[in-house]
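Trainee: Following the hints, put chain B in place on chain A, whose structure we already have.
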Amino acid sequence: MSFFRRTRLFIILIGFIVLVAFIGFSLRDRDDLTTAEEFLKDSVGWLQGIVHRPAQFTSNIFSNIDDIKNTYEENQLLKQRLAENKSLLYEIQELKQDNEELRSILEKAESISDYEPIQASVRSQSPEPFFKEVTINKGKQDGVRANMAVITGEGMIGKIQSAAEFSSTVQLLRGFDGSNRISVTVSQEDKEDEAGFIIGYDEEKEALMLKLNSYDSEIEDGALVVSSGMGGVFPRGLEIGTIEEVTPDKYGLTQMAYVTPAADVDSMDHVIVVNLLADQQEEGEE
Amino acid sequence: MKRFYLPLFLLFFLIIEGVAQDFLPNSLVTGQWMVVAHWVLIYLVLISVFYDLEYTYLSVMYGIVFGLMIDVVYTSVLGVYMFIYPLVVYAVHGMKKMLHTNFFVALLLTVIAVGLADTGVYIVYSFIGITGISWQEFLYIRLIPTLLANLIFFLLIYPLTKRKLVEWSKERFSNSNNL
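Those protein sequences? They're chains A and B, same order as listed.
All residue numbers for the first sequence refer to UniProt numbering, where the first residue is 1 and numbers rise by one.
All residue numbers for the second sequence refer to UniProt numbering, where the first residue is 1 and numbers rise by one.
You may find that some hints are simply not true.
Claimed, not checked - Here are the in silico distance ranges between beta carbons for each label pair:
hint, chain 1, residue 1, chain 2, residue 2, range
1, A, 28, B, 126, 14 to 22 Å
2, A, 179, B, 97, 43 to 51 Å
3, B, 102, A, 35, 40 to 48 Å
As the list claims (entries may be wrong) - Listing some non-contacts, in silico: residues in chain A with all C-beta distances to chain B over 10 Å:
hint, residue
4, 10
5, 19
6, 22
7, 36
8, 47
9, 67
10, 128
11, 135
12, 141
13, 145
14, 165
15, 183
16, 203
17, 220
18, 260
It should be emphasised that the hints constitute simulated quantities derived from the structure, not laboratory data.
These numbers were taken from a predicted model, which means no experiment stands behind them.
Backbone N, C-alpha and C define an ideal beta-carbon position, used for all residues, glycine too.
Looking at chain A on its own, in the form it has when it is part of the complex (with noise of 0.2 Å):
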């Protein structure tokens, strides 16, 4: 019996060993999964999107009755918007044109926001709230690579954390901490815009915790923040939220600004994987 129980220690004691090499082990910085792994994540990915399809086509009748409901006025709003953005369509191309034609005088055909949009759909969720992450159904083999930017329509919704062959992890902006920073501007109409990093989320306020690079700033409420392109990893120009309120932070150096999230991560099935056109004509060129 003794000798059972002590079996019994030390199976618990290896298993506890073996935790342990295993949480260091994925707990390094690591560029890219093993093999093992993005095979198991493709399978299940795989038999996801099967279980996946009759699970939507259901949810989507009942959203379906939800948006019927409100359409005569969704319709009446829509056609109001409709006519201005007919104004602003000239507007922007007028100045697209401008652009290219100041970019072919600079002989600089690259810029920093062009992106080629892999297009993507939401498998399935982590269901470990910790983990703030959904998996979709691109990977590797559609050009996914891990550090990518993530977007809906509406705006920014995270990163790639990693990429298998035929499915991939996006980190979701909730789950963003001090080691992702993304660089950004908050652009305003009157006054100048501001640079800042966006340094991870607030859980209790539900977003983004903006720093700013500069001490004095006057910044409105409700002002657009967006990507600004700097750092190489995510393009110029990516929506990600309306500042909600500034605050000088703990040591009254610089100031805290609160960042509301403008993409509903919760609802959405559609993602566009954001692929960094400059920074692929580098590889080639290296």
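Mentor: Showing chain B alone in chain A's frame:
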């Protein structure tokens, strides 16, 4: 052929866990509650109570394999579920010997298993700095809603699986004795 049913069911629950967000109403998933689906664990507990004999540890083995799979597929830290699921299922296996196997015992063991596993996961994750929420927050935001949600799942799954598990267990282990 029948011995492949168990891993297939476990795989099915593993897949469904990730897709479940689409079935469930949005207010439940996105609110301030953190509801974790421990469906694989519940099925493991049912296996350990109704399928495993006193000297077989199939549920613990499956716990290791499917714990690791949950780690790989759904989290970016390996080893946590792989360690905690088999440990909890082993404890359940031990407790089962002292109690009669009936509905209320299975219910009790499920609640204990989900509670232990969720607390264990929280302890490990807060230890390595994945999460920073306090014990109180964990208790109210995560543990209690998780227990309730998984209880509902248990009540749904129990009548569907119990008889089959007992049946398969009888077939399998009486055959192996003959051989």
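Trainee: Indicate, hint by hint, whether the structure satisfies it.
Mentor: Okay, the hints, checked on the actual structure:
Between residue 28 of chain A and residue 126 of chain B the beta carbon distance is about 20 Å. The supplied range of 14 to 22 Å therefore holds. For residue 179 of chain A and residue 97 of chain B, the Cβ-Cβ distance of about 47 Å falls inside the hinted range of 43 to 51 Å, so the restraint holds. Between residue 102 of chain B and residue 35 of chain A the CB atoms are about 46 Å apart, so this pair conforms to the stated range of 40 to 48 Å. The claim that residue 10 of chain A lies off the interface holds: its Cβ sits roughly 14 Å from the closest Cβ of chain B, which is beyond the 10 Å cut-off.
Distance check for residue 19 of chain A against chain B: the nearest CB is about 4 Å away, which does not clear 10 Å, and the non-interface claim fails. Residue-level check failed: residue 22 of chain A sits 3 Å from the nearest beta carbon of chain B, not beyond 10 Å. With a closest Cβ-Cβ approach of about 8 Å to chain B, residue 36 of chain A is found to fall inside the 10 Å limit, against its non-interface label. Not every CB of chain B is more than 10 Å from the CB of residue 47 of chain A (nearest about 5 Å), against its label as outside the interface.
Look at residue 67 of chain A: its CB is around 14 Å from the nearest CB on chain B, clear of 10 Å, so calling it non-interface holds up. Taking the minimum C-beta to C-beta distance to chain B, about 5 Å, the non-interface status of residue 128 of chain A is violated against the 10 Å cut. The beta carbon of residue 135 of chain A is not kept farther than 10 Å from every beta carbon of chain B, the shortest such distance being approximately 7 Å. Consistency note on residue 141 of chain A: stated as away from chain B, and its beta-carbon is indeed over 10 Å from all of that chain's, at 19 Å minimum.
A cut-off of 10 Å between C-beta atoms confirms that residue 145 of chain A is not in contact with chain B; the least separation is 16 Å. Every C-beta of chain B lies more than 10 Å from that of residue 165 of chain A, the closest at about 14 Å, which supports listing it as non-interface. Residue placement check: residue 183 of chain A keeps its beta carbon more than 10 Å from all beta carbons of chain B (closest about 24 Å). Distance check on residue 203 of chain A: its Cβ comes as close as 8 Å (rounded) to a Cβ of chain B, failing to clear the 10 Å threshold; non-interface status is violated.
Remark: the non-interface label on residue 220 of chain A is consistent with the geometry, its nearest Cβ contact in chain B lying 29 Å away (cut-off 10 Å). A cut-off of 10 Å between C-beta atoms confirms that residue 260 of chain A is not in contact with chain B; the least separation is 15 Å.
Violated hints for the displayed structure, listed by number in ascending order: 5, 6, 7, 8, 10, 11, 16.
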